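Chains as they are written, first to last, in our numbering: chain A, 1 to 316; chain B, 1 to 316.
If you are wondering where the hints come from, they were derived from the structure by calculation, not from laboratory data.
Model, not experiment: these values are computed from the prediction.
Among the clues, some could well be false.
Pairs involving identical chains hold if they fit within one copy or between any two copies, as the list cannot separate such chains.
[Claimed, not checked] Below, a list of computed lysine to aspartate or glutamate pairs in the DMTMM-like style, where the Cα atoms sit at most 25 Å apart: (1) K237 x D302; (2) K77 x E245; (3) K92 x E147; (4) K237 x E289; (5) K79 x D302; (6) K69 x E93; (7) K237 x E283; (8) K237 x E163; (9) K77 x E184; (10) K92 x E140.
2 protein chains.
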Amino acid sequence: MNQSNSPLRVALFGSTGSIGESTLRVAAESEGRITFTALIAGRNGDRLAEQVAEHEPPFAALFDERAAKDWRNPCDKTKFYRGAAGIAALMKELEADVLINAIVGAAGLETTLAAMGRVKRIALANKESLVVAGEPVMREAARTGTELIPIDSEHSALHQCMEGRLPGEVSRLVLTASGGPFREATMHRIRNATRAEALNHPTWEMGPKITVDSATLMNKGLEVIEAMHLFGFSADKIGVVVHPESIVHSMVELRDGSYLAQLGETDMAHPIRYALSYPERWEAPGRFELAALSGLHFEEPDLERFPCLALAFRAA
Amino acid sequence: MNQSNSPLRVALFGSTGSIGESTLRVAAESEGRITFTALIAGRNGDRLAEQVAEHEPPFAALFDERAAKDWRNPCDKTKFYRGAAGIAALMKELEADVLINAIVGAAGLETTLAAMGRVKRIALANKESLVVAGEPVMREAARTGTELIPIDSEHSALHQCMEGRLPGEVSRLVLTASGGPFREATMHRIRNATRAEALNHPTWEMGPKITVDSATLMNKGLEVIEAMHLFGFSADKIGVVVHPESIVHSMVELRDGSYLAQLGETDMAHPIRYALSYPERWEAPGRFELAALSGLHFEEPDLERFPCLALAFRAA
């Protein structure tokens with residue numbers, strides 16, 4: 001989307017979380033292709049100060065009023081806002097090509113809706129925007145001509161597999177699920193699991209909320225609902241397959257019964273880079289070795305031990 | 001390519017071989033979407049007579065003069081030609097949307113060149129056309145505006161993965177190879193292999209020439225050269241990975257280091273159907289079960305035991 005030589009102007013909402021930090025890493029590796037025009041965090045003022053000192057964005061903000069009150073702005077080029085009202089004001093002044101919404105939970109919806117029509121693209125790591133308000137969000141995106149590109153390894157994979165396909169060519173979406181830390185655990189063990197056990201994800205490093213949601217497969221259920229809205233598929237045309245190695249990030253079934261799959265490293269930098277650079281697709285450091293494809297596994301999810309997934313299909 | 005209700009007119013060169021018979025099966029399953037305007041075989045007059053009786057094509061022919069001499073035409077609507085000269089004359093009268101070139105070996109080149117500009121699309125199962133004359137064939141295709149769609153599971157997979165990609169987005173092609181019947185055999189055993197052993201392919205049912213070429217990996221070498229011309233990639237941007245299960249039909253590496261793969265059943269009906277129906281992609285009977293993805297393997301080819309593959313890279 002940024003064919004000129006000027007860097008892509010990125011507003012990063014949720015800059016101190018897992019996706020935020022990965023985005024800063026992608027920017028560092030992108031050879032000046034990205035400039036941050038806003039860095040916005042929840043309550044981690046200390047880390048935000050470091051980020052602002054390094055990137056000197058025109059705008060910064062903290063959602064949390066208390067954290068914002070004590071915040072000392074390290075950069076005199078940066079205008080600082082506090083709380084929801086302050087951020088609403090910031091949004092009116094913001095100039096950005098892409099807004100990354102990496103706010104955790106349903107609180108992210110407000111930012112998604114406020115950004116519509118104010119930026120060309122929303123790179124959406126906040127799946128709750130679509131889970132709680134999929135229809136109005138998609139309608140607003142269409143009305144305002146705002147692109148929505150997912151930052152979720154599964155939906156990014158689906159987006160990549162869908163690209164260039166004709167309407168009707170894709171008959172079904174198949175989300176892969178690692179199965180989380182309790183994939184092979186008994187119902188009893190799952191019931192008595194500790195917080196630390198639930199946070200011990202086998203393949204992905206993510207924030208705590210999504211990691212716990214992954215342990216119960218609730219996250220996969222939310223992803224089913226997210227995929228419905230994002231790609232316009234009904235829930236009966238979306239499948240989930242457990243794939244413990246998380247190498248195949250998701251697949252689409254085509255009308256002739258064959259599949260297209262997107263695969264590679266388990267690193268959120270990939271979907272972030274894709275969401276920023278689409279359709280250009282920037283180079284990435286490192287290389288995926290095809291030997292990693294050996295011995296992959298795929299199995300049906302167990303809806304008895306993981307009732308949240310069944311629940312999501314019923315709610316969809 | 002055939003948006004109207006009239007059936008796709010297909011000229012089938014090599015109708016009694018493995019690809020030819022699979023094409024007839026695809027036609028039988030395609031609910032009247034295909035009509036054969038020519039059925040052309042090498043020397044199997046008995047089978048050609050059965051096919052002509054069933055499909056009543058406007059044209060039929062046998063390449064082999066001796067077989068043609070004794071042939072009794074079972075259909076008075078069918079005009080019969082014999083030998084290379086006869087088939088050259090037939091080509092001038094032929095009306096077809098797609099010509100399937102499933103002639104075995106380098107003899108297929110003449111048909112490929114003769115079809116240029118006479119049909120909208122050549123569905124190319126004869127990889128030797130590109131191996132022996134890749135540059136002139138691609139030049140003629142461009143000059144005459146003739147589409148070339150491969151009927152080769154690997155190249156069909158690559159075509160499907162490349163579809164909708166921007167120039168430069170795909171950085172490398174990766175052809176999968178089953179490894180053939182001698183994948184784990186010692187050099188000594190390969191040297192002393194019988195014809196029957198070489199014809200015992202573990203995953204694909206194909207004609208004898210390509211099956212023996214698969215046993216030596218010569219076929220994969222030819223495919224590397226075929227891919228070079230078809231997709232405009234140099235040999236150093238084409239890799240080969242041994243994948244004994246033949247479920248992943250091939251992959252492309254993208255600029256950001258991730259991969260797109262096309263996968264599904266090991267049935268030549270798939271690439272045939274794709275080559276005929278592209279870009280529409282017709283439904284197929286049956287369904288691929290994702291459980292088949294479990295326990296796939298990928299390994300580097302052994303160029304010492306399979307020197308033909310190294311030879312092809314040197315020749316490319």
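Determine which of the earlier numbered hints do not hold for this structure and return their numbers in increasing order. 2, 5, 9
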